[in-house]
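*Asks:* Listed here are the chains, written in short residue letters.
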Amino acid sequence: MTQPVNQTEIQKAILEQQSADNRKKMILNGVLLLLLLAAPFAMYPVFLMKILCFALFAVAFNLLFGFTGLLSFGHAAFLAAGGYTTGYLLSNFSGLTTELGIIAGTVAATVLGLGFALLSIRRQGIYFAMVTLALSQLVFFFLVQSEFTGGEDGMHGIPRGHLFGLVDLSDNYNLYYFVLAVFLGCYLLVQRIVSSPYGQVLKAIKQNEPRAISLGYNVNRYKVLAFVISAALAGLAGSLKSVVFQLASLNDAHWHMSGEVILMTLVGGMGTLLGPVVGATFVVNIEYQLSQGPLRDWVDPILGGIFVITVLAFRSGIVGEIQKFVKKNLG
Amino acid sequence: MSMIFGVPLAVLAGQLLIGVINGAFYALLSLGLAVIFGLLKIINFAHGAMYMLGAMSTVILFDSLGVNYWVALFLAPLLVGAVGVVIEYFLLRRIAGQDHIYSLLLTFGVALLLGGVLTNIYGVSGLRYAMPDVFQGGMKLGFMFLPYYRLWVIVMALLVCFGTWFMIEKTKLGAYLRAGTEDSQLMQGFGINVPLLISLTYGFGVMLAAFAGVLAAPIYSVTPVMGSHILITVFAVVVIGGMGSIGGAIITGILMGVIEGLTKTFYPPASSAVIFLVMVVVLMFRPSGLFGKEA
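Going down the list, the sequences are from chains A and F.
Anchor point for the first sequence: position 211 equals 211 in the numbering used here, and the numbering is continuous, going up by one each time.
Anchor point for the second sequence: position 130 equals 130 in the numbering used here, and the numbering is continuous, going up by one each time.
Simulated from the structure, these hints should not be mistaken for laboratory data.
Wrong hints could be hidden among the right ones.
[As the list claims (entries may be wrong)] Straight-line C-alpha distance at most 27 Å; calculated DSS-like pairs for lysine-lysine:
no.: 1; chain 1: A; residue 1: Lys206; chain 2: F; residue 2: Lys41
no.: 2; chain 1: A; residue 1: Lys327; chain 2: A; residue 2: Lys24
no.: 3; chain 1: A; residue 1: Lys24; chain 2: A; residue 2: Lys12
no.: 4; chain 1: A; residue 1: Lys328; chain 2: A; residue 2: Lys25
no.: 5; chain 1: F; residue 1: Lys41; chain 2: A; residue 2: Lys203
no.: 6; chain 1: A; residue 1: Lys206; chain 2: A; residue 2: Lys327
Can you build the whole structure from these sequences, using the hints too?
*Replies:* This is the structure we're talking about:
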C-alpha cells in the first residue's frame with residue numbers, strides 16, 4: 001500500500017476508488033438486468049408482472065414519502081384512476097392501441113394528482129396524511145357510484161390489445177418485456193430525478209422545511225411537482241396492472257391499498273431507490289405464499305404484524321439496514 | 001302531510017334524527033382522537049378498531065357471560081381502555097420522539113392486526129345484539145316517531161362529550177393534561193408523572209371510542225370491519241373541525257352528521273361523499289379547519 005503524499009495523488013486515489021465503485025455497480029446492474037430478462041422462463045410471467053406493477057407503484061410512492069417526506073395515505077386513488085381509465089378506454093374503443101390507453105390512464109392520474117396536491121399541500125405532516133386519505137375515499141365513492149366503472153363488480157375482460165398496433169400483448173412473454181421496459185424506464189427516471197438538483201431540493205425540504213423556505217425555495221411548488229410526478233407514475237402502474245390482469249377492481253381504490261404501498265416502501269427501505277422494489281417483491285410474495293397455505297385467511301393480520309414490527313424495530317427497511325451494515329463493516 | 005322542498009316533513013325529520021345520531025358518534029370518536037392528539041401528538045389510526053372492540057366486546061360479553069347492557073356500558077370501555085394502555089405502554093412508548101408519522105403507521109398496523117384476527121374468529125357478516133327491553137318502542141312527536149334508544153344515544157353522547165370538555169378545560173386534571181401538551185419536560189420537573197399521564201390519556205381517548213362502540217351495538221351491525229368504515233369519515237370530520245379545540249370536535253361531529261342526513265334526503269347518491277366534499281371546501285378557504293388555531 002502506497003500512501004498518497006500530495007493533493008493530486010489523493011484526488012487520483014479518490015477517482016480510482018470511485019471508478020472501481022462504479023464498475024462494481026455496473027456489474028451488479030448488469031447481472032440484475034440479465035436476471036430480469038431471464039426471469040419469465042423460470043417463473044410465471046403474470047406473477048412477475050404483478051411484482052413489477054407493484055414495484056413501480058411503490059417506487060412512485062417512495063418519491064413522495066421517502067425523498068420528500070410527505071406521507072400520502074391516498075395513493076390508491078391514482079392506481080385506480082390509471083387502471084379504470086385505461087380499462088374503460090381499451091374496453092370501449094377497439095381501435096385504440098394499448099399504449100395510448102396506458103398513456104391516457106397516466107394522464108388521468110396526473111390530473112387527479114394535481115387536484116389532490118393543490119388541496120392537501122395546505123396541511124402538513126399527519127394532517128397531510130388524513131387529507132389525502134379522505135380525498136382518496138372520495139374517489140372510491142365516485143367509482144362505486146358511477147355507471148361506467150361497473151360499480152361494485154369493477155371491470156372485467158379488458159382486452160390487452162396490440163402494442164403500437166403491431167405486437168400482440170395477449171402473449172404473456174411480449175407483455176412481460178413491455179412491462180419490464182416501462183418499469184425500468186420509470187426507475188431510471190426516478191433515479192435521475194432524485195440525483196438532480198431538483199431532487200436535492202426535495203431532500204432538503206424533507207430534512208428541514210423552514211430552512212429550505214428561508215433559503216428562498218418556493219417549497220410548495222416543489223412539493224406539488226413531486227406529488228404530481230408520483231401520482232403520474234402510480235397511475236401508470238395502475239394502467240399496466242389493468243392490462244396485465246385484464247380487470248380493474250375496487251380493491252385498487254380501497255384505502256387498504258394505500259396502506260399496502262406504505263408497507264411495501266417501509267419494509268423495503270424508504271428513501272432508498274431499490275427499497276420499494278425489494279419491499280413490493282417481499283409483500284407480493286408473502287401474500288401469494290400465505291394465500292396458498294393454511295394461513296390463507298390470516299394475510300391481513302400478518303401484514304399488520306409486519307407493519308408493527310417494521311415500525312418498532314427496523315424503520316430503515318431491508319435495503320436501509322443492509323446499507324447500514326455495509327457501511328459499518330465494509331466501508 | 002306537510003312538505004318541505006318536495007320532501008314530506010316526516011321523512012326529513014327522520015333523516016335529520018339519523019343525522020344527529022350519526023353526528024353523535026362522529027363527535028364521540030373525533031373527541032377521543034382530539035384528546036389523544038392533544039397530549040401525545042398521535043393520530044390514532046387504531047381508533048376505529050377500538051370502537052369496533054367496544055361493540056364486539058359488548059356482544060361477546062353478553063353471549064358468553066350474560067353481561068347485560070348496563071354493565072357493558074362501563075365494563076367494555078374499561079376493558080378496551082386497558083387494551084389501549086397496553087398498546088401505549090408496549091408499543092407507542094417505544095417510538096416516542098420519532099416522527100409522528102411512525103405512530104400513525106404503528107397504530108395502522110395495530111388496527112389491521114386486530115381487525116384481521118377478529119374477522120377470522122367472528123367473520124364479517126355481523127353479530128346481532130338485542131336491544132334492552134327498556135328501550136323498546138318510542139314516542140310520537142306528531143310529525144315523527146322517536147325511538148327511545150335513539151334518544152338515549154343522543155343524550156348519552158352529549159353528556160359524555162360535555163363531561164370530557166368540562167374535565168379538560170375546567171378541572172385541575174385537565175390543566176395538567178393541557179400543561180403536559182405545552183411542555184412535558186417542565187411538567188416532569190414539577191414532579192408530575194408524565195409517562196403515566198400519557199398512558200392514561202391514551203387509555204381514556206380509547207375508552208371514548210369504546211363507549212361509542214357500546215352505544216352502537218344495538219343499532220348498527222356489529223362486525224370486525226365496522227371501525228374502518230367510520231374512521232375515515234371521522235378523519236374528515238377532524239380535518240374540517242381542526243384539531244385545536246375539544247369543543248370544535250364535538251360541534252363539527254354533530255354538524256357533519258346533520259349535513260349527511262340532509263343530503264340523504266335531498267340527493268341520496270352524494271350522501272356518502274358529502275362530508276369529504278365539505279372537507280375539500282373547508283380546506284380551500286380555511287386550511288386550518290373551522291375551529292383550528294394553528295396557522
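*Asks:* Now tell me, hint by hint, if it's right for this structure.
*Replies:* Tested hints:
no. : hint                    : verdict
1   : Lys206(A) <-> Lys41(F)  : holds, 19 Å
2   : Lys327(A) <-> Lys24(A)  : holds, 16 Å
3   : Lys24(A) <-> Lys12(A)   : holds, 18 Å
4   : Lys328(A) <-> Lys25(A)  : holds, 19 Å
5   : Lys41(F) <-> Lys203(A)  : holds, 24 Å
6   : Lys206(A) <-> Lys327(A) : holds, 23 Å
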